[in-house]
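2 protein chains.
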Amino acid sequence: MKTPVRSRPPGVGRDPESPLPALPGASQEEIRRQNLGAVLRYVHLHGPTSRAQLTSRLGLNRSTIGALAADLVASGLVTEEAPTTARRAGRPSLVVSPRSDRVYAHALSIDADRLRAARVGIGGRILDLREVARPGGMSAVDAVKPLAELVRDMERSVATDTLLVGGAVAVTDTTRGRDGAIRVASVDEALGAALEAEFTACPGFVAGDLADIAGLAEHVRGVAAGVDDLIYLHGDLGISAGIIVGGRLVIGHRGHSGKVGHMVVNPNGLPCGCGSRGCWETEISEAALLRHAGRDPADREAVAEVLRAAADGDRTAREAVERVADWLGFGVANLVNVVNPDAVVFGGSLRDIFTAGADTVRRRLDAMPLPNSRSHLRLRAAALGRDAVLIGAAELAFDKLLADPLNVGVVARAGGTDRA
Amino acid sequence: MKTPVRSRPPGVGRDPESPLPALPGASQEEIRRQNLGAVLRYVHLHGPTSRAQLTSRLGLNRSTIGALAADLVASGLVTEEAPTTARRAGRPSLVVSPRSDRVYAHALSIDADRLRAARVGIGGRILDLREVARPGGMSAVDAVKPLAELVRDMERSVATDTLLVGGAVAVTDTTRGRDGAIRVASVDEALGAALEAEFTACPGFVAGDLADIAGLAEHVRGVAAGVDDLIYLHGDLGISAGIIVGGRLVIGHRGHSGKVGHMVVNPNGLPCGCGSRGCWETEISEAALLRHAGRDPADREAVAEVLRAAADGDRTAREAVERVADWLGFGVANLVNVVNPDAVVFGGSLRDIFTAGADTVRRRLDAMPLPNSRSHLRLRAAALGRDAVLIGAAELAFDKLLADPLNVGVVARAGGTDRA
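Taken in sequence, the protein lines are chains P and B. Just so we're aligned: 275 in UniProt numbering is position 275 of the first sequence, and the numbers increase by one with no gaps anywhere. Just so we're aligned: 13 in UniProt numbering is position 13 of the second sequence, and the numbers increase by one with no gaps anywhere.
The set of hints was computed from the structure by calculation and includes no laboratory data. Bear in mind that the values here come from a model prediction, so they are computed numbers and not experimental data. Treat the hints with care, as some may be off.
[Said to hold, decoys possible] Some chain B residues near chain P, calculated using beta-carbon distances under 10 angstroms:
| hint | residue |
| --- | --- |
| 1 | Asp229 |
| 2 | Ala241 |
| 3 | Val250 |
| 4 | Gly252 |
| 5 | His256 |
| 6 | Met263 |
| 7 | Val265 |
| 8 | Pro267 |
| 9 | Leu270 |
| 10 | Phe330 |
| 11 | Asp359 |
| 12 | Thr360 |
Yeah, the Cβ is synthetic: ideal placement off N, Cα and C, and Gly gets one too.
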């Protein structure tokens, strides 16, 4: 995944051979750019906000906020309007709103079995969404063409006075072979090139791990908003994590962190699609639940039926849920010992499995002998559902605009011509 | 552990209810402070550096560097001297050096069985070091008094024209009870108060996890210098980790991350001092090695003997090393799947165990089915030895000075009076 600029903590040094990073710039132009970004980011995250609120929240003075808002209005990124209801006497403070209808990003998702494409407006609103099946054996690179087709289809109904600011794609790391067998996807260096070739009107298309991106969305707009240290666990065909520490994604070498599904938790367990044995995902995946419930492990549609049966008191289904939930708690305890986050969020198919077996998961965690890791820990079902992946991808795509709002000349309408 | 200011990545938001952090200040005073900090930090990390090199490394112009260096000289933090060997014609560039003899911090360590106190000069030089045994049953809070005694003893021989800039203490999380049994230390909120009461001349005494601090030292000045994503594994009585992601320590909730010794790797394994069963540390600790070698698990002195016997071809010792090394590789593989760092560094007693069993550790990791996590991964023995903990603690203690070099009036000579 593309990451943000990193700042270094005091006391933590660089390679003695490499120069230190450049110092924060001192120029007025840089300050103005940062302030424009701060205003735009604020309304992007919090929705319509009065000038007065912006003034107090951003610690800038009134005239500065007025000038910044005027610049953003002139660029077509926000609107300014009088509030619909003036609550007190005097001249009301204008309300600054992001132009979600006009300014948008392309957010794509390559799930295990589905391909999805959305237009997401600034402010995080899904404006349009298309979805097709992803056949077994289709690589992420091969998925780019059908995704581009979905995007072109959406673009046909876009008004002319709109601004496409970028795009991002979330890619699952667990796929299905042509034979239906589950495989861990290896990194595909060719993906970047394929995206660039197909999305010519949208340079700098970003690709990232699906669990990282869904976790980011839950952190920015979902159940973990305001929580800076969290583990987001995503169940799809496999199990992955998006780990956020100090408000930033832990991306690992070339974006390959969070392969928590392949922690070995049961050395004597079942073979895993990755080639190892006893991986966590052999114990907590949808397939594990289905297996314990006596169902076809490949029949994903049956997961909901098993959970429903468990809720209705079916004993086999209930035991299947508890067995999976117990291993879920076991692995979460291990992760908590390593990272010690403030929250663990369960998303994708793990959301429903967690919800069904939450008591068992909590019991396993309560048995953890290290109370300092447990007492503050919140376990939460994800809030954004299937939208999380698309909303998270859009956040990545908006990064460049939010860092430098008036300098979006490099991107343009998909399929259209570049606009300065 | 105390941490550094966090910056947020683009696209990652805050609690909608909380104000955004203040924007980077625009004032000339703030810029000067940052630049002073950058120059001082540079020579702190890299040693004596010419003005010309500082100019190019920091991206500032010559006259700015000259003015900053002059300010630092006036404050007694650095010296400026003509180079001893002028390599070419023309006026030689003055060399800026940190005044390690004058400017120093108190670095303390509460190990499982030892208490250590050092004076560390700016630039990371250990100027003086005292050490006493830590009796079984002595809490971290109880260790503060004898540590303060060691510090007072060192202070007696300190020249008058010196500047104490702060102090920090590294605390192990695994201790020995009065009965000799190994225990996981619970957080002691009282430690901060005890430090404050004892080190009155040195406000803001920082406490942190020993493995975090030793890992920081290896990252700043040791075998992982220049590596921004690493896991440092520390073997003492127990096993802990310092995890550094993007150049920053992962500290977790209240500093409790990296309890990797308590990942359960063997659900059918031995009981652990923490109250659980089959924790990683039951398989890779010094005690495990001694047990497999048929020695008294409590006899820490025998660890070196076992490693020497293994090197000499003793079969029992060799098998003991391989068994521990295999579990070491097993757990490292799990951690690598979660965090995917660029390096894993083995320190404390794990340093020697890793060195003795490196082939076995590597074999276990080579068997990992996810090549994207393995190919780039470097396994390294720690470079700083027992000094790592003290050097890392000093880095923490220097933080405040490096952030604002001319405003060190809040700290003073230990036992002396505050100097403005």
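Hint-by-hint comparison with the structure:
{"no.": "1", "hint": "Asp229", "in the structure": "7 angstroms, holds"}
{"no.": "2", "hint": "Ala241", "in the structure": "7 angstroms, holds"}
{"no.": "3", "hint": "Val250", "in the structure": "5 angstroms, holds"}
{"no.": "4", "hint": "Gly252", "in the structure": "3 angstroms, holds"}
{"no.": "5", "hint": "His256", "in the structure": "5 angstroms, holds"}
{"no.": "6", "hint": "Met263", "in the structure": "4 angstroms, holds"}
{"no.": "7", "hint": "Val265", "in the structure": "8 angstroms, holds"}
{"no.": "8", "hint": "Pro267", "in the structure": "7 angstroms, holds"}
{"no.": "9", "hint": "Leu270", "in the structure": "14 angstroms, violated"}
{"no.": "10", "hint": "Phe330", "in the structure": "7 angstroms, holds"}
{"no.": "11", "hint": "Asp359", "in the structure": "20 angstroms, violated"}
{"no.": "12", "hint": "Thr360", "in the structure": "16 angstroms, violated"}
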